[in-house]
Every structure is written in C-alpha cells, then in structure tokens.
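Chemist: Here is what each chain is made of, one letter per residue.
Protein chains: 2
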Amino acid sequence: MDIDAALFDVFGTMTDWRSGVSGELASVGDRVGVRADWHAVTDDWRRKYVPTLGAVVSGAAPWRSLDGLHRVMLDEVLAERGLDAIGEADRERLVLAWHRLRPWPDAPAGLEMLHGSPVITSALSNGGVGQLARLTKQAGLRFDCILSAELARTYKPDRRVYLRAAELLGIEPGRLLMVACHPDDLEGAAGAGFRTAYIPRPLEWGPEAAPVPTPSDVDLVADDAVELARALTG
Amino acid sequence: MDIDAALFDVFGTMTDWRSGVSGELASVGDRVGVRADWHAVTDDWRRKYVPTLGAVVSGAAPWRSLDGLHRVMLDEVLAERGLDAIGEADRERLVLAWHRLRPWPDAPAGLEMLHGSPVITSALSNGGVGQLARLTKQAGLRFDCILSAELARTYKPDRRVYLRAAELLGIEPGRLLMVACHPDDLEGAAGAGFRTAYIPRPLEWGPEAAPVPTPSDVDLVADDAVELARALTG
Chain A
120 MDIDAALFDV FGTMTDWRSG VSGELASVGD RVGVRADWHA VTDDWRRKYV PTLGAVVSGA
180 APWRSLDGLH RVMLDEVLAE RGLDAIGEAD RERLVLAWHR LRPWPDAPAG LEMLHGSPVI
240 TSALSNGGVG QLARLTKQAG LRFDCILSAE LARTYKPDRR VYLRAAELLG IEPGRLLMVA
300 CHPDDLEGAA GAGFRTAYIP RPLEWGPEAA PVPTPSDVDL VADDAVELAR ALTG
Chain B
120 MDIDAALFDV FGTMTDWRSG VSGELASVGD RVGVRADWHA VTDDWRRKYV PTLGAVVSGA
180 APWRSLDGLH RVMLDEVLAE RGLDAIGEAD RERLVLAWHR LRPWPDAPAG LEMLHGSPVI
240 TSALSNGGVG QLARLTKQAG LRFDCILSAE LARTYKPDRR VYLRAAELLG IEPGRLLMVA
300 CHPDDLEGAA GAGFRTAYIP RPLEWGPEAA PVPTPSDVDL VADDAVELAR ALTG
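In order, the protein sequences belong to chains A and B. Its first residue numbered 120, the first sequence is counted upward by one per residue in the numbering used here. Its first residue numbered 120, the second sequence is counted upward by one per residue in the numbering used here.
Okay, chain A solo, but in the shape it has when bound:
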C-alpha cells in the first residue's frame, strides 16, 4: 500500500482502556469502602462516550476537552450507580486513569517496526495532545507525531478531524492510512479520503463481549499492530 503516514486510534486500538480504568476504579472503591462490579462501571462510562462526543460533533453541545467530558460522564455513571461516596479528588484522579493506560502487547513492537520504515506514524485520537503525550510515553508507544481531535475542536468520526490531520502533516488524504478497531472511525476517515486499516481487538470490552464483525469496506485487515507493520513494510 503506497502511503506516506499511518495514523492510529489510541483508546481500544493501541491501548487496553478497560483493564486500566477498572483497576483504578477498584482501588478507589477499596479505599473509600464501596463495592461494585468495576468492569461494569467502566463499560457504562465508556458507553457514554459515543453519544457525549456526538453532541459536540453535531453542535448540540459546545467544544470541551476529553478530560472535561470524561468528568461529566463519570459523574453521571457514579450517580446512576449510587456511588456518591467517591469524592471530588478521587473523581479528578479517575479522569486521569485515561492518561495511564497499558498498551496491547503487540502495539509497541508494531510501532517500532514502522518507526524504522519511511512511513510516518502518528496518534490521531480524541484524547488531548497532553494526554496523548503522557499516555504514549509511559505505554512505550513510539509515534513520530501526536495529533489530536482537539486540534480541530471537534471529535472523531467528524471528517474535519481527519482533514485537519492531513493539513497539519502536509500530506494528501489519499496517502494517509487510518488504523483503528472501530468501524465508525474508519468510515469517518474514508469519508475524508483516507485509506483504512482494521485491527480487531476482541478483548476491548472484555472476554465476554460479543464479537465485532470485521468491516468489509476497508483497504486492509491485520490481526494486530505487528501484522500491520509487516503488511506496510514487507
């Protein structure tokens, strides 16, 4: 595939948000003395993501950073589950759990392989620039560039995010590849003229989750980030 840069989704595609966030929720719960199914709380939190960000994309809600939106969503989830014992300082700390996620095991090696190739790699995430810099550094995810939906003041899958990334890289959309485990992200990218690569992440929502069907309208399907790097450099 003749491309100049590969842009990666981060939450779900390169990092395992569910273990990281539920682990931090559990440790706050232990300390505060409240019990809950922390995986279910985490899933509730994440399920609010698409509608909450969608309201910003549609213009129904004003632009706000992902940290700010994560806080609003967390307050809703804790209220719905009667977890009011978790106080202000812990809520602030829990928002930052999304800055400290672990990578999927293949993700660092795949990025290192691409770093050694002519293909430029970048994050292209709904996370903020600072959040992504911290997250990718501590997770050992070596990107050549950090790009965020924040730079377009909207969120994926709004096509303006992908077009802004193309503009900032100075690369035409047809020579850019979006890599994600979320079909809606790839559809948004394709709508902006990007090539698309799908990586399945069957454990994103935990081992019990229903399998996501592989989208048929993508340019490439790779089992993981190392397979993707092989396909792009081989």
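Quick caveat, the hints were computed from the structure, so don't treat them as lab data.
To be clear about the criterion: a stretch of chain B counts as covered by chain A if any three or more of its residues have a C-beta under 8 Å from a C-beta of chain A, and this derived list gives those stretches:
(1) 231–242
(2) 245–251
(3) 283–289
Backbone N, C-alpha and C define an ideal beta-carbon position, used for all residues, glycine too.
Put chain B on the given structure of chain A with help from the hints.
Modeler: What follows is chain B alone, placed relative to chain A:
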C-alpha cells in the same frame, strides 16, 4: 529543576541547518551548472528568517506556513545573488532541505535519556507539524510530542506560541522548560512564564562565526543535550 516537560527549539538547537542546506544548494548548483559560495547563500537565506517571521508576528504580514515563507526568502536570495538559473522544481526541492537536516551529534542521546525519565519532551519549533515529524524521524530525534508555532498561527518568539504549547500540554508555564541556543527564543518563553535552558551551538553559523555571549538571565546553561539531560535527571 522541578519541571514536567522540556520543549526544544529544533533549527540550530537540535539540528545543524547550515551544513544540510548548503549541501543541498551545492548539489543543485552543480547540476544546474552555477557556482556560488553556498555557505554564504545559506547564511543569507537564514538571515532573512528573523525579519520575515517578525512581520507575521507583528501582524504586518498574514500568517503563512514556514515552507511558504522559506520559498519567498529563497526567491529573494537567489535574485539578489543572480542565481536565476535555479528553476522552479529545484526551488521547491530546496525548501524541503529544511525537512532533512542532520542532528547535532549529542542531540539524539540527550533526548533518549530524557525519554527514559518522567520529563515529557517536545519539539516547539517554527517548523510546521509535518515538517517536524519528518525531520525528527529521519534525524533520530525522539520526542514524546511535536508542537509547532503553526498551532498558534504565529511564530516564536511571540509569547502566544509558548502559551498555546502550555495549553495543549495541559501544564502550567512555570512547570515547562524551553531549551534553545537562541536568546530571543528564551526571552519569549520567559515572558510566557516558562523556565529556560540555554545550550550554546558555536558552530550554528559555521566555524568562522563570532561567538554568541551566553545569556545571563536563564535558569540553566548546559554544554549540550546530554549535559542538559543529566542536569534534569541527575
């Protein structure tokens, strides 16, 4: 020094623009069959940088990318030196010489040392985002983040560039360190509330250039990027 992130100037501080650009000018000259003192042509080109970018900062000229400004400056220099034989395609290629610079010998190792520390590293350059991604990748300069004056639509040493970087990183200016070999860059950063570190680059303008006096009003002076990393992590 208690900081969260170190932001680096790139042209001059981490890369040797003079050898890279004059080498590409010389090879174009050879091919076209024109002779000139290519170091002097390069120095002329670079001397136009401060007034040309200054006109954007003051509002006298509209915002334009650094590639666009480099092209305007190159056309001026070639006209002044009677080098009209260098044609359109070569001029476009020469602008991209600023995307392919070599690092100073200590720069990659200094950044690797900081990568292994809790301090976030970022470029903060007048180069564009795409230019910086390409340049730092091929030069082996490992930054955790890429930030550009382009994201503030002005140029250093305009304090809005530093404030925009602080905003995007989500870090207060007093916990950010600007690293540069140019006193005006450090003054601009200090004006935005940043800490400042000076690295002398006595060869920036070639071995014959007059020495630059070390500025006295900075927080740290380090001989090179490795010494800086030692000072920040030791």
